[in-house]
Every structure is written in structure tokens, then in C-alpha cells.
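Number of protein chains: 2
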Amino acid sequence: MQPILINGEWRAANASGSFQAENPATMERLPEQYPISAWADIDAALTAAAQAYLELRRLPPERLARFLETYADALEANADALCALANLESGLPVKPRLCEVELPRTVNQLKQSAAAARDGSWALPTIDTATKIRSCLGPIGPVWVFGPNNFPFAYNGVAGGDFAAAIATGNPVIGKANTCHPGTAKMLAEMANGAAQATGMPRGTVQLLYRTSHADGERLAGDPRTAAIGYTGGRSAGLSLKRAADAAGKPMYCELSSVNPVVILPGALAERGAAIIEEYVGSCTMGAGQFCTNPGLVVLPAGKAGDAFIAGVVAKFKSLTPGTLLTKKVQAGLVESAAVLRAAGAELLCGGTPGGGKGYSFANTLLKASGAGFLRQPEKLQTEAFGNAALFVVTADANETVAVLTALEGNLTGSIYSAKDGPDAVADQAAYELLEPILRDKVGRLLNDKMPTGVAVCAAMNHGGPYPATGHAGFTAVGVPAGLRRFAALHCYDNVRPERLPPLLRDANPTGKTWRLIDGAWTLNDLK
Amino acid sequence: MQPILINGEWRAANASGSFQAENPATMERLPEQYPISAWADIDAALTAAAQAYLELRRLPPERLARFLETYADALEANADALCALANLESGLPVKPRLCEVELPRTVNQLKQSAAAARDGSWALPTIDTATKIRSCLGPIGPVWVFGPNNFPFAYNGVAGGDFAAAIATGNPVIGKANTCHPGTAKMLAEMANGAAQATGMPRGTVQLLYRTSHADGERLAGDPRTAAIGYTGGRSAGLSLKRAADAAGKPMYCELSSVNPVVILPGALAERGAAIIEEYVGSCTMGAGQFCTNPGLVVLPAGKAGDAFIAGVVAKFKSLTPGTLLTKKVQAGLVESAAVLRAAGAELLCGGTPGGGKGYSFANTLLKASGAGFLRQPEKLQTEAFGNAALFVVTADANETVAVLTALEGNLTGSIYSAKDGPDAVADQAAYELLEPILRDKVGRLLNDKMPTGVAVCAAMNHGGPYPATGHAGFTAVGVPAGLRRFAALHCYDNVRPERLPPLLRDANPTGKTWRLIDGAWTLNDLK
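Residue numbers (this note's numbering), protein chains in the order written: chain Z, 797 to 1324; chain G, 797 to 1324.
FYI, nobody ran anything at the bench for these hints, they're computed from the structure. Fair warning: there could be bad hints in the mix.
Same chains, same names: a pair is fine if it fits in one copy or spans any two.
[What the hints assert, rightly or not] Mimicking PhoX-like on lysine-lysine, the simulated pairs with C-alpha atoms at most 20 angstroms apart in a straight line are:
hint, residue 1, residue 2
1, K928, K1246
2, K1216, K1324
3, K1324, K1164
4, K1154, K1164
5, K1238, K1176
6, K928, K1216
7, K1164, K1100
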């Protein structure tokens, strides 16, 4: 049985059971046994994290930064081994995906978070000289990070964006491995723990468990030692956890599901329908469609051009060998989602059956509904089919498109394609002005003429959106510095003596490069 | 029966019952009958608010600012009538409290919020030129504001800080009057509606209901048209509402209860115990103690100096005529809280009985517990006694003080008094360093040598804190611009065409005075 990482040590779990991962490309079980931790493990992790938090609070941000950078360097140095193992457990290709895209992004996230920790501007330090009141964001305590199946590195509980954000803000992290790639999580945690030791971090700064019972999951969400939770994963398990966190007043930042509507206006279809087919098919089949931002719902006009577009996508879908899915469960989920969509009136245009690719796979699948049909069962027809499947909704006119968008739940993204030139552009612009305000309120990131897959790690990114896409539309899971602000509390100091203030709030700028809001103006200057 | 304000019109309610307010100074019912609204009223308000929201989104922020300023001017012009009515309904003195403190603060909040709306910096506009991604905070939709009993103006559902913040961010507000001052809420709503009409705001921008059933309250919290809730009030009703809001994924910013610990270190007691007695008694009895930030829990050292301090407070408490309480229910709450505290082992030093002042009142009340006693029943002994009552916890040494602070729930504020000069200051500094990290994590605003009552409306203020003081430790209910960010969603624009961007995110600075984070630097410049 593989060990868990508690308080800086790899130790035997208090296991209530065990599980094995599978190689989805061969559909064979991998040999390692991983423990399902009983409460005693969770309890030990929380105790160690609470102690680590007290120690972390005494360290300067420079130390957090050095830890994150040392860890990032270790990931780069061990890229081949990491990508090989992640490939084995996830079926995601080593190249380009794991080695050239996801691992570099993960390293970049860690380094950006390190820079943010060092700089301190993320904390929005604010000084009012007249009232002698100063405030900034500060750390909150132990953070649980539940990583999803679809990003073995970039969202991993012990390496991904939530992890980096929580550490950069001064909090210890207890990572919950995704059960589809426990070995990858273990390898990452070994490197994290090595980097933590090399940089003298408190022992419980990074910990790793593989799996718990659902009941223990809910119990840990409400435990007084838990400060916050980052969760990316399935909606049903996420909502159980959220209920427990809400009841205990703990913030839980969750990313639950999203169909990422793409609206293609008539002019765009006329102007460059063939090009949009290419873009769409690339976005929807990349990674076998297993992205949070996969464009799973397309709204397009009825008529010849719409029919041709659909036919073009169907032809491509049929011609492409489907990718390997992450797990048997993802495959089963596609079977189930397709059945729900069909039962709700959607017509199957292609695919709909398991197989066709290497290992666990599912034929590239397209379903179709009319706008009127969609509006009869809007909830069911927004069922997320996680993977290489999509629903096209064909609307009779702009008013029906308005009605369809109005019926949407919260999503991570929403795209509108419109014509760029000529009279088509004028007509599309009128439609855009009608539709944009509705779509704007339903999504975190609004795109023009662009598919939603591909999430840049930058200051202006929003990887978030209204419920149920996430739990709070004001926060983003990707992007520095905004992503850091989730794992923080607002710390106000009223009449506190100068020498007792945190460095961010003293008269002198702590780094010379920290942006602070002093008497209403953002500045790098010292307060004189 | 008094009318409700729906969609810009005063109309008869669909009433399931009615209620009257009371004059707490005479304990007599006031003549006006106010309706308890049935669901039909709530439904009508939500429909009108949803429509107003669509219209508000098309208005430039300048219009929001003009509305708030016109309303603020109306409050100033009608100050005498407002203060007379608020005094009648709340028992709070016209001077200085209502006329010289609370109404000017309310006007100031409205004007600061107007300036923030006009300026736009509150929205943290962020531009990344390399990725063509831009983002800012934006409005979210209809906001309910439930006002508390203790601030007829500054927290009123149709005039207070939450109202101003929600409007300034572009959202319509449905105010729920506090049932202890419905007439004041009505008078305020008349002025708000007049200002809205004068400045051409959408009809449902400000609406007013007086009361609903608890079941309807929970239903409105989860209604799809509700975007968010601001709630300041009792813990039990607040938590029911929060459960419903959480289940529907709606953010609810609530301020539920707080005992606002004050730690007096031995050196401070020796250096200036008499002066601190004055400060403390003033803070704890002001407004009959009916402030969210009332210092209801004092931790001080056992021994002669501590005894003398306690004796000094008891003498003052006995000599001061207690103020009039807001309602009979507040008086009953004090009776109940004192009983809970005594049953949990606290010793009654003075007061503890109703009466002694004009109308509804309660003798200035002090209870005492040892540190060990407190630690035996920490939950019960943190029961908020809302009003002119406090619990003193006498600790044997610094370690016991550590244990007491560790056992605290989340609070709005926490104060530490320490010696300023000489050897006492050295010893107190050592204790401060031990205690501050613990207290820091339990409170939103940390004070030195200052009582917590008095909440400045400034950019660095935090009137918030960890659960259960509020629902999310990252947000503040007081202060501009931070308070505005609660009623907002993060709006990201990816590859959106320049002419389609909101003005805040176009290349040109929209006002010349809007702070924007462009490629990592805060600037007032245009993007060139």
C-alpha cells in the first residue's frame, strides 16, 4: 500500500480500504495500491496543517516564493518522469499536451504565484492616513485542494493553480489526489515536500491524501481547522461538500460544470463558416473534449447555412478517431449524458456509442435540438456531456436565441462569432447588442470569434462564473494575482502602532515594487 | 394600511397580516399599520427589479452617481423630519446621534459611493495587452437588503451602506424595512423614489417591503431573479436565510453577531487603568450598547489591578442611567442572554434586570468569569448580549489568555490595550506578540489602544470578519470602494472587439481618473 504524506513524512495510512488506478489506454489496472484514508489520517493532516499555518505566518513572503520556485524547478528537472507517469494514468499524450503545454503551464503558475507572493501587490494594501486605518488581505489557514481528473498537473491538489494560490497567500495545503492519477500526485508531492524541506518550510506545509469516504469529506469540510476548500470536479460530489462547507461558514471555491455556449451569428456563418468548423472541431475534440471550457453547446441559425455547418462538423467528427478518455467513468458519463439529452428530445446526428478509439473512448458525438425543443426542457438539455460530445441548438430567429440564452445556467465561458465586414457585419452587430447583455450575465469569460478552450494564466483571466459553474461569480480559479485573493481574509489595522503593522502596511514600501492604495491613489512610493 | 413601493409606485400590499411599530421610549404602539407581504408582493418586486436591472445596465455610471447624490441631498434637506421620526421609532436621541452623526454618515456613504461609481476604479479594471484579455467587476442583478434595528439610516435597506454599494455597482435594490422602524424606511424610500424619478432611473431601481413570512424569506433568497442579499441582523433568522441562499448559489453578505473582544494587558492596566475605564464605559454604554461593534467581552488579568478596573467599571455602570433600548425584543434578549451567561457560570456583578431608564431599558450589566470558567463553556459564554451588557474574563496568566482567545469565534473587531512606555511596555509587547497572531485570525479589524465602536467610512475599513461574524471574511460591509465589490461579478473579455468593450476596458481611460491595472502596473494613463 502506498504511503500518504503527513506532516512532512511519508507514512502508512489508516486505511479503511484501497484502490488502484487504471491505464485508460489499455484498460488495465495499474499495480500500486492506494489507501482510502480513515478519519484518523484527515485528523492528523489537519493538526499538522494548523501547526504549519502558525509557523508560516512568521515567515516572510520571500520564503514562500523561494519554496514555489524551487518546486517549479524540480518539476522542470523531472519533466520526463512526470509526463510518462501522467500519461500512463490519464491517457493524455506526452507530446504536445503533457510535456509541452500542461507542465510548462504548471511551472509558470508556480512561478507567477511566487512572484506575486514576493511582490505583495495581490493583497491590495490600502492606507488611509487621516483615519490611521490600514488594511490588506492576509492568509486564512489550512486549505484543502481537491484536484480534478482532467489536468494531472495544472489543477493537481499538490501542484496546480489552487495549490499555488493558497501557498502564495501563506496557507498550508492538504491535497486530495484525484483517484484517476494517484501516482502522479504522489510524485508531485514528493517533489513538493523535497522543495519544502530544501527551503526550510514548516513540516505540514504540503500534505497528500488519496481518497476519503464521502462522509469524511463532509466532516473535513466543516472541521474548525479547515479554513477553505478549492474543489474542481463533478457537480454532485461538489455540492455535497459545498453544503457542509456552507453550513460551517467555510468558503469553498468550486468549479462544478459548464457547457460553454458558443453562439454563431448568421453573418459569421456566411462569411467564414468553413473556418469556424475547423476551429470548432479542433476545440471540441482536443483532449477528447475533456476540458472545463469545452464548447458543449452551440447555438446557430436554422436554415441552409446552419445545416451546412452542422453537416461539416458531423463529417469531421466521423472522420476523426476519438481520443482516449481519462477513465471508464468518463466513458460511462458520456453514455449517460447522451441518453439524458436524447430522452429530452435531442436528435443524435453522429456518434453516441462507446469505443472507436484506443482504450476507453467514445465516438465523437453530435446531437441537435431546435430552439423550441430546447426551451421545452432547458434544464435537461444543459446536461454536461463531459468529453467529446456536443449539442447544437438551432434557433428560428434572434428572438428564439434570446430565449435560449435567457434559459442558460451559469457557465465559465460564452462565445459569440459574428461577421467582420460588410452588410453581414452590420446585421450581426445588431444581434450582438441584443444577445451580449444576456450572455454577459451568464458567463465568467466572454469571447468574440474565438473558442473557449485555452485558458491563459494572466492577470485579466477569469476562469470562473455564476453558479453552478462555480460557487461565487466574483472569483477566478486561474490568473495571478486575482486567483490568490480567494484564500485570504481582509485584515484591517485600526490605530495599530507602526512597528506592529505587517511590512505591507508600514510607511516604507516593503519591496519598492509593491503597489499600494494610499489615500485613494495607487503608488509604489513610500508614505512620508 | 401603509402602501409598499413596487416598480416606482406606492401601492396596496397583498397582505397576509399587519404590524405596528412601537415607540420604545413610551412603550406605546404607533398608529400606522404596515403590511406583512404575501408572496405576490415579493414576486412583483422581483419582476420589476429584473426589468430595472436590464435598463440599468444600459445607463452610464454617471447616472447612478447623480441618483445617489440627488438622494443624499434630499436626506440633508429633510434631516429634521427624518430624525424626528427615527427617534420616535427607535428611541435613539435626535442629538447628537441621529442628526449629527448617523444622518451625516449616511449622506457621506451615498456620496462616496456616487464618486466611486463615477470613477470606476472600484471595479479593478485589468488589461493584459499580450493576451488581448481584459476584465473588470460588473453588476449582478437584483439585490435584497435587509436592514437591522440599530441604525435607522446608515444601514437602512433603502439608504444605508449595502444599498449605496449595490446601486453604485449598477444593481437595483429591494429593501426590507426593519420592523422596528418601518415609518423611517418609508420616508427614506419616498425620497429615494423621488430622486430616482428626478434623475430618470428605471422604475424598479428602489423598492420597499416591510415584512414577509420566514418561509417567503427563504423562498426569495433562492429565487432565480435574486442575485445577492445583504443582511444585517439576528443570527438565527440570518442563518435560515443563508442556508436558502447557499443552496441556490446566491452570495449572501451577512453580519450576524459579534462580541468584539478587548484584551487589556497588565502594563496598560498599571499605566492608565482609570483612563481605560472611561473609554470602556463610554464605548459600552453609548447607544445603550446597541452597536455591532460593542465591546461585549473583556479579557483582563486577575489580581489587584484587574479587580480595581472591574470595580471602577461597576461603579460607573451603577451610576449611569441606562439608555432606552430599541425594542421590547432587545430588552427580552438581554434578559435571556444574561440568563444564559449566568447559567454557564458567569457571576453577575451589577445590573441584570430590566428597567432603570426611560421606556424599554435594562440596567447596565456586568458579568464576570474566570479564564478557566470561560474555557469550560466557551460557546455559551460567547453569547452576544446585544445592548448595555458585557462579560469580563479574568485570566490567570498570558497562557490562559492565549487559550481564551483561541476559543473565540469569528468577530468583527478585536482590541489590545498595552502600555506605551517604560518596562511595562516591554512586558506588554512580549504578550502582544504572543496574542496578536491568534486574535488577528479571529477578527476583521484589529485595534490598538482604542475601543471598537466608531466605524470610519474609508477605503481601508473592514467592517467584516470570519464566520459567524459574517459569511465571508474577504469582504467588508463598510468602506468604499471595497464594500462595492460584494455586489459584483468578475467580467472577463477575451478577444472582444474594441468597440464592444465596456468603457472601463477600452484603450482610453474613461474618465482620465480611473485607476486601471495595465500589464501589471496601476495607471491613470490611456493605453496607447
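Indices of hints not satisfied (ascending): 2, 3, 4
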